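Based on the provided sequences and hints, a complete structural model is requested.
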Amino acid sequence: DAGITQSPRHKVTETGTPVTLRCHQTENHRYMYWYRQDPGHGLRLIHYSYGVKDTDKGEVSDGYSVSRSKTEDFLLTLESATSSQTSVYFCAIGDHRGNQPQHFGDGTRLSIL
Amino acid sequence: DQQVKQNSPSLSVQEGRISILNCDYTNSMFDYFLWYKKYPAEGPTFLISISSIKDKNEDGRFTVFLNKSAKHLSLHIVPSQPGDSAVYFCVISGSARQLTFGSGTQLTVLP
Numbered sequence: 001d002a003g004i005t006q007s008p009r010h011k012v013t014e015t016g017t018p019v020t021l022r023c024h025q026t027e028n029h030r031y032m033y034w035y036r037q038d039p040g041h042g043l044r045l046i047h048y049s050y051g052v053k054d055t056d057k058g059e060v061s062d063g064y065s066v067s068r069s070k071t072e073d074f075l076l077t078l079e080s081a082t083s084s085q086t087s088v089y090f091c092a093i094g095d096h097r098g099n100q101p102q103h104f105g106d107g108t109r110l111s112i113l
Numbered sequence: 001d002q003q004v005k006q007n008s009p010s011l012s013v014q015e016g017r018i019s020i021l022n023c024d025y026t027n028s029m030f031d032y033f034l035w036y037k038k039y040p041a042e043g044p045t046f047l048i049s050i051s052s053i054k055d056k057n058e059d060g061r062f063t064v065f066l067n068k069s070a071k072h073l074s075l076h077i078v079p080s081q082p083g084d085s086a087v088y089f090c091v092i093s094g095s096a097r098q099l100t101f102g103s104g105t106q107l108t109v110l111p
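In order, the protein sequence lines correspond to chains A and B. The first sequence begins at 1 in our numbering and counts up by one. The second sequence begins at 1 in our numbering and counts up by one.
No lab work stands behind these hints: they were computed from the structure. Where hints are given, some of them may not hold.
Label pairs and their calculated CB-CB ranges [said to hold, decoys possible]:
no.: 1; chain 1: A; residue 1: Ser80; chain 2: B; residue 2: Pro82; range: 39 to 49 Å
no.: 2; chain 1: A; residue 1: Pro39; chain 2: B; residue 2: Gln3; range: 10 to 20 Å
no.: 3; chain 1: A; residue 1: Val52; chain 2: B; residue 2: Pro79; range: 45 to 55 Å
no.: 4; chain 1: B; residue 1: Gln14; chain 2: A; residue 2: Lys53; range: 44 to 54 Å
If the Cβ cut is set under 7 Å, some of the chain B residues that face chain A in the computed set are [stated by the list, open to error]:
no.: 5; residue: Glu42
no.: 6; residue: Gly43
no.: 7; residue: Pro44
no.: 8; residue: Phe46
no.: 9; residue: Arg97
no.: 10; residue: Gln98
no.: 11; residue: Ser103
no.: 12; residue: Gly104
Every beta carbon over 12 Å from chain B, so not counted as near; a handful from chain A, in silico [as the list claims (entries may be wrong)]:
no.: 13; residue: Asn28
no.: 14; residue: Gly63
no.: 15; residue: Ser67
None of these values were measured; they are calculated from a predicted model. Don't be surprised by glycine CBs; every beta carbon is placed ideally from N, CA and C.
Take a look at the structure:
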């Protein structure tokens, strides 16, 4: 177990509402990532962080924002959820040393009606 | 424009036989390649990796082969076991350690 907790694990909400997903790690890793998984696309990077208050965009960042005020927490926010953001969201953490593999949480299944 | 392509969405093999999963990539600048395995309702887990300076890496029943001239990666599982049934993702590590995933191959190992 890589010490990653995602919350909530499941959420159903309505279009236009704000949604925040939380990723918490106990490994003190510098890098944290948010991905979404959709059929036929594998996992796609939304945003990532390389330190406290240091974040950058990934491949599919439109409609999402992130914040990292502490090493252990990385928040993903959908300011106004749309049905196209229905997906499974995965958080990952990574070490700064060489090419150590990323470790993933168990995901949050988000449904936007 | 997909940078990592897994052209076989699914693969079925008999227990004890070899499973071969394939992956093609487009950018010759990539220098680190990984395979992740994913069970339903769980996050992906790291399986095996290979650097571009090598053409083979082995870990128990799992071997990854890299053909740089063909921009082709393959994962061999020998012998295949029912517990290996999962979705396998071919993954490329880029800048800032960002990962680019293929679309995945569902492997089913039949008892």
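Each hint, compared with the structure:
Our hint of 39 to 49 Å for serine 80 (chain A) and proline 82 (chain B) holds, since their Cβ atoms are close to 45 Å apart. Between proline 39 (chain A) and glutamine 3 (chain B), the C-beta spacing of about 19 Å keeps the proposed range 10 to 20 Å intact. The given range of 45 to 55 Å is respected by valine 52 (chain A) and proline 79 (chain B), whose C-beta atoms sit roughly 47 Å from each other. Judged by the Cβ atoms, the range 44 to 54 Å given for glutamine 14 (chain B) and lysine 53 (chain A) holds: they are separated by roughly 53 Å.
Because the smallest distance between the Cβ of glutamate 42 (chain B) and any Cβ of chain A comes to about 5 Å, under 7 Å, the interface hint for this residue holds. For glycine 43 (chain B), the suggested interface contact is upheld, since its CB lies about 3 Å from the closest CB of chain A, less than 7 Å. Hint on proline 44 (chain B) holds. Least Cβ distance to chain A is approximately 5 Å, under the 7 Å limit. The interface hint given for phenylalanine 46 (chain B) is met, as the beta carbon of that residue sits about 4 Å from the closest beta carbon of chain A, less than 7 Å.
For arginine 97 (chain B), the shortest C-beta to C-beta distance to chain A is roughly 5 Å, which falls under 7 Å, so the interface hint holds. With its C-beta approaching chain A no nearer than about 6 Å, glutamine 98 (chain B) sits inside the 7 Å limit, and its interface hint holds. The interface hint given for serine 103 (chain B) holds, since its Cβ lies 5 Å from the closest Cβ of chain A, which is under the 7 Å cut-off. For the restraint placing glycine 104 (chain B) at the interface with chain A, the shortest Cβ-Cβ distance is roughly 5 Å, inside the 7 Å limit, so the hint holds.
Every beta carbon of chain B lies more than 12 Å from that of asparagine 28 (chain A), the smallest distance being close to 16 Å; the non-interface claim holds. Under the 12 Å C-beta cut-off, the non-interface status given to glycine 63 (chain A) relative to chain B holds; the minimum distance is some 19 Å. Distance check for serine 67 (chain A) against chain B: the nearest CB is about 18 Å away, which clears 12 Å, and the non-interface claim stands.
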